[in-house]
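Using the sequences and the hints given, assemble the complete structure.
157 is the number that our numbering gives to position 157 of the sequence shown; each next residue is one higher, with no gaps.
A hint or two may mislead.
As the list claims (entries may be wrong) - In the DSBU-like style, the derived pairs of lysine-lysine whose C-alpha atoms are separated by at most 35 Å in a straight line are: (1) Lys226 / Lys241; (2) Lys246 / Lys152; (3) Lys152 / Lys206.
What the hints assert, rightly or not - Computed beta-carbon distance windows for the label pairs: (4) Gly208 / Thr74: 42 to 52 Å; (5) Thr239 / Asp106: 25 to 35 Å; (6) Glu61 / Leu250: 34 to 44 Å; (7) Ser217 / Glu238: 26 to 36 Å; (8) Glu238 / Thr218: 53 to 63 Å; (9) Ala144 / Pro179: 13 to 23 Å.
For the record, the hints were derived by calculation from the structure and aren't laboratory data. We put the beta carbon where it would ideally sit given N, CA and C, even for glycine.
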Amino acid sequence: SIFIPALTLFVYYSMLDPFVTTLTGVKTAMCGGNQNFVWSMDKRRITHLAPTFGGGWEIEEDSIKTDAIVEGETIGYGLAINNTRFGVWVSDVTVLSDLEIATMNDLIENENPSCEDLGNREPLLNYLRYLLGNESIQSCADAAPYCGSFTKMPEFAVDGGIGWSARMLCSETCGCRNPGGELINVQGCPYSDGQCKMSAVYQEYKGGGVCLEKNASTLRSFAPWKEWINSIRSYGTETSKLLGGKQEALILAQAMEDN
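Quick look at the structure:
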């Protein structure tokens with residue numbers, strides 16, 4: 001009978017074929033693209049990726065980690081590794097293992113031994129925008145207003161890590177190279193092992209400094225001294241209960257201003 005073949009064709013084209021097409025689309029959306037890499041987020045909240053075979057992760061909405069992993073899935077499918085905007089790619093999985101166990105200070109120092117501005121170029125420029133919560137930032141010059149913000153580490157408390165991230169990614173702009181400059185909040189500067197302090201620029205600033213005792217009136221007109229007072233006073237007036245020694249900071253700021 002022709003009825004059975006006809007019914008079979010009808011069922012296939014009306015039900016099975018659309019269903020298979022839908023499943024294929026779901027597979028492509030969920031499992032398509034490059035799967036041959038693994039990722040890791042270090043203690044600085046920067047995502048590193050390495051080529052390999054792997055998978056398994058949970059999407060975090062509005063997270064730059066998610067952006068980096070989704071971007072990684074397009075490597076070899078229209079995007080080259082050296083053109084990534086969110087993921088920091090390394091050569092081998094063993095490098096990710098080393099990054100996982102590295103201390104925060106080692107990560108900062110090893111990535112920026114010369115106290116340079118890392119946030120002027122992608123992908124770290126996008127991390128600068130993300131960590132500071134400002135997508136309009138075009139370079140470290142735009143991050144300068146955040147250099148003095150107070151961060152309580154290691155939990156990135158008080159300001160959400162804004163000040164620490166600015167100094168970590170924009171070390172030159174935030175004054176890490178100048179030990180006698182106007183910015184005295186150095187948390188996030190790559191100072192752990194002293195490589196930055198031994199750099200030519202740092203040593204030039206240090207060698208150019210003249211140790212002379214100034215009277216009170218001279219100090220009051222000395223720009224770095226005034227900024228130090230303002231910074232210490234700002235710490236003392238912070239509303240966060242997570243910061244200690246605020247009363248002492250106010251006393252110190254007043255003493256520096258008066259004497």
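Evaluated hints:
{"no.": "1", "hint": "Lys226 / Lys241", "verdict": "holds, 26 Å"}
{"no.": "2", "hint": "Lys246 / Lys152", "verdict": "holds, 13 Å"}
{"no.": "3", "hint": "Lys152 / Lys206", "verdict": "holds, 28 Å"}
{"no.": "4", "hint": "Gly208 / Thr74: 42 to 52 Å", "verdict": "holds, 49 Å"}
{"no.": "5", "hint": "Thr239 / Asp106: 25 to 35 Å", "verdict": "holds, 33 Å"}
{"no.": "6", "hint": "Glu61 / Leu250: 34 to 44 Å", "verdict": "holds, 41 Å"}
{"no.": "7", "hint": "Ser217 / Glu238: 26 to 36 Å", "verdict": "holds, 30 Å"}
{"no.": "8", "hint": "Glu238 / Thr218: 53 to 63 Å", "verdict": "violated, 29 Å"}
{"no.": "9", "hint": "Ala144 / Pro179: 13 to 23 Å", "verdict": "holds, 18 Å"}
The structure is inconsistent with hint 8 alone, although it conforms to all the rest.
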